[in-house]
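Dock the two chains into a complex; use the hints.
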Amino acid sequence: MAKIAFDDDSAVVIIGSGAGGGTLANELCQKGIKVVVLEAGATQSVANFINDEWKSFSQLAWLDARTTSGSWRIAKDFPGLPAWICKTVGGTTTHWAGASLRLQEHEFKVRTHYGAIKGANLMDWPLTLQDLEPWYDKAEDKMGVTRTHGIPGLPGNNNFKVMHAGATKLGYKEVHTGRMAINSRPRDGRGSCQQIGFCFQGCKSGAKWSVLYAELPKAEATGNLDLRPESHVTRIEHNAAGKVTGVMYVDKAGQEQRQKARVVCVAGNAIETPRLLLLSASDKFRDGLANSSGQVGRNYMRHMTGSVYAAFKEPVHMYRGTTMAGIVSDEAGNKPKRGFVGGYEMETLSLGVPFMAAFLNPGGWGAEFAWWMEHYSQLAGMWLVGEDMPRETNRVTLNANVKDKYGNPVPNVHFDDHANDIAMRNHAYTQGERIYKAAGAIRTFRTPPYPSTHNLGTCRMGASPADSVCNAYGQTHDIPNLFISDGSQFTTGGAENPTLTIVALAIRQADHIATRMSQRTL
Amino acid sequence: MQAIRIAAASRGAASTATAGHQLPLTRREFLRGTGLLLGTLAIGTPIAALAPSRAWALELKALDTATGDTLLKFGRVLYPHPILPDAVYALLVKDLDAMAAADPKMAAQLRDGVAGLDRATGGAFAKAKPAAQLAAVKAIEGKPFFATVRGKCVTALYDNEMTWTAFGYPGESFSKGGYIRRGFQDLKWLPDPPADASPPPHLG
Numbered sequence: 001m002a003k004i005a006f007d008d009d010s011a012v013v014i015i016g017s018g019a020g021g022g023t024l025a026n027e028l029c030q031k032g033i034k035v036v037v038l039e040a041g042a043t044q045s046v047a048n049f050i051n052d053e054w055k056s057f058s059q060l061a062w063l064d065a066r067t068t069s070g071s072w073r074i075a076k077d078f079p080g081l082p083a084w085i086c087k088t089v090g091g092t093t094t095h096w097a098g099a100s101l102r103l104q105e106h107e108f109k110v111r112t113h114y115g116a117i118k119g120a121n122l123m124d125w126p127l128t129l130q131d132l133e134p135w136y137d138k139a140e141d142k143m144g145v146t147r148t149h150g151i152p153g154l155p156g157n158n159n160f161k162v163m164h165a166g167a168t169k170l171g172y173k174e175v176h177t178g179r180m181a182i183n184s185r186p187r188d189g190r191g192s193c194q195q196i197g198f199c200f201q202g203c204k205s206g207a208k209w210s211v212l213y214a215e216l217p218k219a220e221a222t223g224n225l226d227l228r229p230e231s232h233v234t235r236i237e238h239n240a241a242g243k244v245t246g247v248m249y250v251d252k253a254g255q256e257q258r259q260k261a262r263v264v265c266v267a268g269n270a271i272e273t274p275r276l277l278l279l280s281a282s283d284k285f286r287d288g289l290a291n292s293s294g295q296v297g298r299n300y301m302r303h304m305t306g307s308v309y310a311a312f313k314e315p316v317h318m319y320r321g322t323t324m325a326g327i328v329s330d331e332a333g334n335k336p337k338r339g340f341v342g343g344y345e346m347e348t349l350s351l352g353v354p355f356m357a358a359f360l361n362p363g364g365w366g367a368e369f370a371w372w373m374e375h376y377s378q379l380a381g382m383w384l385v386g387e388d389m390p391r392e393t394n395r396v397t398l399n400a401n402v403k404d405k406y407g408n409p410v411p412n413v414h415f416d417d418h419a420n421d422i423a424m425r426n427h428a429y430t431q432g433e434r435i436y437k438a439a440g441a442i443r444t445f446r447t448p449p450y451p452s453t454h455n456l457g458t459c460r461m462g463a464s465p466a467d468s469v470c471n472a473y474g475q476t477h478d479i480p481n482l483f484i485s486d487g488s489q490f491t492t493g494g495a496e497n498p499t500l501t502i503v504a505l506a507i508r509q510a511d512h513i514a515t516r517m518s519q520r521t522l
Numbered sequence: 001m002q003a004i005r006i007a008a009a010s011r012g013a014a015s016t017a018t019a020g021h022q023l024p025l026t027r028r029e030f031l032r033g034t035g036l037l038l039g040t041l042a043i044g045t046p047i048a049a050l051a052p053s054r055a056w057a058l059e060l061k062a063l064d065t066a067t068g069d070t071l072l073k074f075g076r077v078l079y080p081h082p083i084l085p086d087a088v089y090a091l092l093v094k095d096l097d098a099m100a101a102a103d104p105k106m107a108a109q110l111r112d113g114v115a116g117l118d119r120a121t122g123g124a125f126a127k128a129k130p131a132a133q134l135a136a137v138k139a140i141e142g143k144p145f146f147a148t149v150r151g152k153c154v155t156a157l158y159d160n161e162m163t164w165t166a167f168g169y170p171g172e173s174f175s176k177g178g179y180i181r182r183g184f185q186d187l188k189w190l191p192d193p194p195a196d197a198s199p200p201p202h203l204g
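Protein chains in written order, with the numbering used here: chain A, 1 to 522; chain B, 1 to 204.
You may find that some hints are simply not true.
Derived lysine-lysine pairs resembling BS3-like cross-links, with alpha carbons at most 25 angstroms apart [what the hints assert, rightly or not]:
1. B:Lys-127 - B:Lys-61
2. B:Lys-188 - A:Lys-173
3. A:Lys-313 - A:Lys-169
4. B:Lys-188 - A:Lys-313
5. A:Lys-76 - B:Lys-138
6. A:Lys-437 - B:Lys-188
7. B:Lys-188 - A:Lys-169
A few chain A residues facing chain B, derived, Cβ under 10 angstroms [unchecked claim]:
8. Glu-53
9. Asn-159
10. Val-175
11. Ile-196
12. His-317
Think of the hints as simulated: they come from the structure by calculation, not from any bench.
Quick caveat, the model's predicted, so the values are computed rather than measured.
The beta-carbon is built from N, C-alpha and C at its ideal position, and this holds for glycine as well.
Isolated chain B (complex conformation) (with noise of 0.2 angstroms):
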C-alpha cells in the first residue's frame, strides 16, 4: 500500500500531503519509530482530491502510539471539525512528538497529561463518549499540558493546506494575478455600491 508520510513540519507536512511527495513506508520503516499512526480520507473530499494517496501514515519519534492516538483524539475535542480528516489531526500529534522527542520534560508532561485523561474517562479517553471527554478536557483548562495541546492546535490544525482547502481559503494569490480579475467584487446577494463610494477598478 502507498501512504504519503506525514514527516515534515505542519505546513510542510500538508505540501507534502498534497504536493504528491508520498513515501511508500516500508516494514522496516513502520519498526523504527516508537509509534505509528495510520489512517484514510475519505472518498469524494476535496483533501482526498488533491491527496496522491488516501491512505497517510505517522511515525512518532518519542511518543507511542496510543498516547499520539489519545493526543489525536483531544485535539478533536478541542477543535471539533467534523469536516476535518484525522489527517490534519495527526499533524497536532506530530508536532507535539517533535516537541517531545526535543525536551524529555515536554514529553513527560504529555505522557502524564495523557494518563491524566485516560484517568478522569475511567480507563481510556480515546474510546469514551464524546460527552465523558469534553468533561475531562474542560476539567484541566488552563494547566499547562492543556495550554500546551491547545497552543499548538492554533498552528498545527490551522496553518495547512487540507484545513485551508476544507474552509475555502486559497492562500497565496500573488501567483495567480491577485483577485483583481478573480472575483474580488463578485458578491451577488447585496446591491452594490454607488461609484462614488466605491469607483470602479483600474484594469489597465
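Chain A with its partners taken away, still in its complex shape (with noise of 0.2 angstroms):
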C-alpha cells in the first residue's frame, strides 16, 4: 500500500469506494497514478460477513442521521432510513444483489423520446448508448457478468422456477436467470456461486462481484494506492482560482486532517455526495461547490419500485440460493400505451423472516399480516424496478436542524413519487400478481418500496453547464478538476438496476482524468 503524504498534491483523491469509487480507484491505479481513497466506513471481509440479516445490517448499512420529507411512503414508515446503502469499504458493492444490465438506446434520449412531462425535469444525456457500449463491454469482463464474454447464466432456484412458470404461461419471452456479476464458474480467482442465499449481506464465497475483494486488491498490487477507511471527508476546499486544492477529513482516531489533492472525485453515493458539494459552500461558491446551475441536490431519482409476495400451497422455500437470479423483461420497453413512459424490470427477491417482519407491509399488524409471516416457507417474491420521472422538487437537502456528530447539518432526502411513478408501479404491481396467479398463487400481496438502494441523479450530467452539474464525464462544469463519480452522475434512471452503468462510466472516466493528466490540461 502506498503511503501518500497529507500535502502531496500530485494524487487524485477519491472520496467513496464503492461501485463508482472503488472502480475508479483501480483503474487509475492500474494506469500509474497515485490515488488516495477516503472511505468513511470501516473494512469487512468475505470471513466475517455475517449471514444474518439484523446483524448484517449493523456491520453494513450507513446509520448516520438523515431525514426525510414529501408523500413518499418512506417519511412516514422509516423516517430516519430513506436509503438503504453501505458505509464500508466496497460501498454498496458489498450488499448489492449482481444485476447487471445495461441501459437501453432510447433511456440516453428521454426528452426526445419521451417528450415533455408536466412535473419531470427530463433530459438527454450528453452521451449515448453507442458511446458507452465499449466501456459496458469492459465492465460486464471486469465484473464476470453471466450471459455475456460467455459465461454461463446462473442455475435458477425455487423462487425462480415459480417466476419462469408463471411468466412464460402469460406468454412473456425474455425470462431467464439474468445477466449477473456473480460467478456461475470460478472466474478472476474468485469462486462460483454456492446459492448461499445472503448475497444482500456479503457474498460470503465471494462469487458475487464487489470492490472490497475484487478492485481493491488489484489496486493495492500497483503500489499507488492509499487506501484509509473510517475516514470521513467533511469539506472540499479550494484557491482562488476555484480550483479544487484538497479535501478536510476525520480520520479513524477522530483526528481532523488535510489532504491535498490534484484532482478530487466524489463518489459518496446520491445522497452524500451533493451533501459534501453543498457543506463545501464558500465565499466563492456560496451555493455550494459545481452548482452553479442549482442542480446540485436536485433530480434525485430511487427508481420505481415496489415488491409482489404470492402465496402457494406447496413449499417454494424462496430464501434457498441466488436472491437476484431471476428476471422477466418483456415489460422494460418504452411503450406509452400503457399509460406511462418508461418501463420495468421483474426480478427475483426474497428477504429473510428478520427482514419479511420489517418490510412486508411497515407498520402492518393484526391476523391478516400474521398469515403472510406463517407462510413464510410457501412464498414466492418478485421486485419490480422501473424508470422514474426526475423532478426538480425531488431533492437532498442541508437539514440545519438535525447535527451529525462532526457538527454538519444531515442531509434531508425529499421525495414524492410522480403520477408516471404511480401509474407504472400499479401496471407492474398487476403484472407481478397476473404472473404469480398463472403459476397458482393462492393469495398475492402488493409490498411498498423498500428504503431506497438505487439512488441517483442529485449531480446530473448534462450538455449545458446551465442546466446540469457535470459533463459526458463526470467532470463538474464549474470547477474542472472535480469530478463526479457515482450514481449522483445520472442525467436519468432507465429501468435497470444502475452497478453496471456506474461501473462503465468509472472505467470510461479513468482513461478520460488519465489522458487529460498525461497532457497535463488537469
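Here it is as C-alpha cells:
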C-alpha cells in the first residue's frame, strides 16, 4: 500500500470506495496514477460477513442520521432511513444483488422519446448507448457478468422456477436467470456461487463481484493506492482560482486531517455526494461547489420500485439460492399505451423472516399480517424496478436542524412520486400478481418500496452548464478538477439496476482523467 | 424444576433457549426481579424439541408481573400466531422491560398504556375476550404506546430462532455449504425451466 503525504498535491483523491469510487481507484492505479481513497466506513471481509439480516445490517449499512420529507411512504415508515446503502469499504457493492443490465438506447434520450412531461425534469444524456458500449463491455468483463463474454447463466432457484412458470404461461418471452455479476463458474480468482441465499448480507463465497475483494486488492498491488478506511470527508477546499486543492476529513482516531489533491472525485452516493458539495459552500461558491446551475441535490431518483409476494399451497423456500437470479424483461421497453412512459424489470427477490417482518407491510399488524408470516416457506417474491421521473423538487438538502457527530447538517431527502411513477407501479403490481396467479398462487400481496437502494441523479450530467452539474465524463462544469464519480451523475434513471452503468462510467472517467493528466490539462 | 431463563437480548435469548445454556432458577432469583413470567413449551412442537427444558421463566427488572402479562397478551393480539408459544411473546416483554428499566418515561408509557387497555376492557385486558381485546387495541392504533409495542414486536417476535423454526426459516446457510447441494431447485410441483433460461449448476 502506498503512503501518500498529506501535503502531496499530485494524487487523485477519491471520496468513497463503492462501485464508482472503488472502480475508479483501481482503474487509475492500473494506469500508474497515485490515488488516495477516503472511505467513511470500516473494512469487512468475506470471512466476517454475517448470514443474519439484522446483524449484517448493523455491520454494513449507512446508519448516520438522515431525515426525510415528502409524500413517499418511506417518510412515514422509515423517517430516518431514506436509503438502504452501505458505509463500509467497497460501499454498497458488498450488499448489492448483482443484477447487471445495460441501459437501453432510448433511455439515454428520454426527453427526445418521451417529450415534455409536466412535473418531470427530463433531459437527454450527453452521451449515447453507442458511446458507452465499449465501456459496458469492459465493465461486464471486469465484473464477470453472466450471459456476456461467454459466461454461462446462473442456475435458477425455486423462486425463479415459480417466476418462470407464471411468466411464460402469460406469454412473456424474456425470462431467464439474468445477467448477474456473480460467478456461475470460477473466474478472476474467485469461486462460483454456492447458492447461499444471503447476497444482501455480503457474499461469503466471494462469487459476487464486489469492489472490496475484486478491485481494491488489485489496486493495492500496483503500489499506487493509499486506502484510508473510517475517514469521513467533511469539506472540499478550493483556491482563489476556483480549483479544488484538497479535502478536510476526520480520520479513524477522530483527528481532523487535510489531504491535498490534484484532482478530487466524489463518489459518496447520490445522498452524500450532493451533501458534501453543499457543505463545501464558500465565499466564492455560496450555493455549494459546482452548483452554478442550482441542480446540485435536485432530480433525486430512486427508481420506481415495489415488490409482489405470493403464497402457494406447496413449499417454495424462496430464501434458498441466489437472491436476484431471475428476471422478466418484457415490460422494460417504452410502450406509452400502457399509460406511462418508460418501462420496468421484474426480478426475483426474497427476504428472510426478520426482514420480511420489517418490510412486507411496514406498520402492518393483525391476523392478516400474521397469515403472511406463517406462510413464509410457501412464498415466492419478486422486485419491480423501473424508470422514475426526475423532478427538481425531489432533492437532497442540508437540514440545519439536525447535526451529525461532526456538527454538520445532515441530509434531508425529499421525495414525491410522479403520477407516471404511480401508474407504472400499479401496472407492475398487476403484472407481478398475474405471473404468480398463473403459477397457482392462492394469495398475492403488494409490498411498498423498501428504503432506496438505487439512489441517482443529484449531480446530473448534461450538455449545458446552465442545467446540469457535470459533463459526460462526470467532470463538473464549474470546477475542472472536481469530478462526480457515482450514480449522482445519471441524467435519468432508466429501468435497469444502475451498478453496471456506474462501473462503466467509472472506467470511462478513469481513461479521461489519465489522458487529461498526461496532457497536463488537468 | 429446571427452567430456561429468558435473559439476554432477543436473539441471544433465543439462542440461550435453544442452545442448552439453561440456568436453573432458585427461590432467591425469583425474588430479585419486580415481576416474573413463567411458561411451559407444548410437547411435540419443533421448538420444544430444540429446547433443553420445556419450562421457561422471565424475570422483569422494571415492570410487575401483571403489566408484563398484559404486554404479552397485547403482543398476541398484534401478531396472533397460535403456533408460537408464549415463550416467543415473552421476548417482547423482555425487550420492553429493558426499555422501561433504561428510561422512566418509557416505563410510565408502558404502565399507563397497560392501564388504558385494562380500562378499555372493563378491568383486565389479559382476561378479556378476544373481540374485546382486538377492539381495545384498534382504538389505540397509532398512539405512542401502540407504536412502541408494535415496533418492538418486529424484532422481538420475528428475529429469534424459535419463530424461525416454527415458520420453517433456517437462518444462516454458509456453514452448511449454502444450498447448492441442499435443495435450492428442489421444487417439484412446477415444470423445470429450460436450460437456456436456467443452466445447470457448476458443482466442480
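To see whether the hints hold, each was checked on the structure:
{"no.": "1", "hint": "B:Lys-127 - B:Lys-61", "in the structure": "holds, 24 angstroms"}
{"no.": "2", "hint": "B:Lys-188 - A:Lys-173", "in the structure": "holds, 22 angstroms"}
{"no.": "3", "hint": "A:Lys-313 - A:Lys-169", "in the structure": "holds, 19 angstroms"}
{"no.": "4", "hint": "B:Lys-188 - A:Lys-313", "in the structure": "holds, 13 angstroms"}
{"no.": "5", "hint": "A:Lys-76 - B:Lys-138", "in the structure": "holds, 19 angstroms"}
{"no.": "6", "hint": "A:Lys-437 - B:Lys-188", "in the structure": "holds, 18 angstroms"}
{"no.": "7", "hint": "B:Lys-188 - A:Lys-169", "in the structure": "holds, 17 angstroms"}
{"no.": "8", "hint": "Glu-53", "in the structure": "holds, 8 angstroms"}
{"no.": "9", "hint": "Asn-159", "in the structure": "holds, 9 angstroms"}
{"no.": "10", "hint": "Val-175", "in the structure": "holds, 6 angstroms"}
{"no.": "11", "hint": "Ile-196", "in the structure": "holds, 4 angstroms"}
{"no.": "12", "hint": "His-317", "in the structure": "holds, 7 angstroms"}
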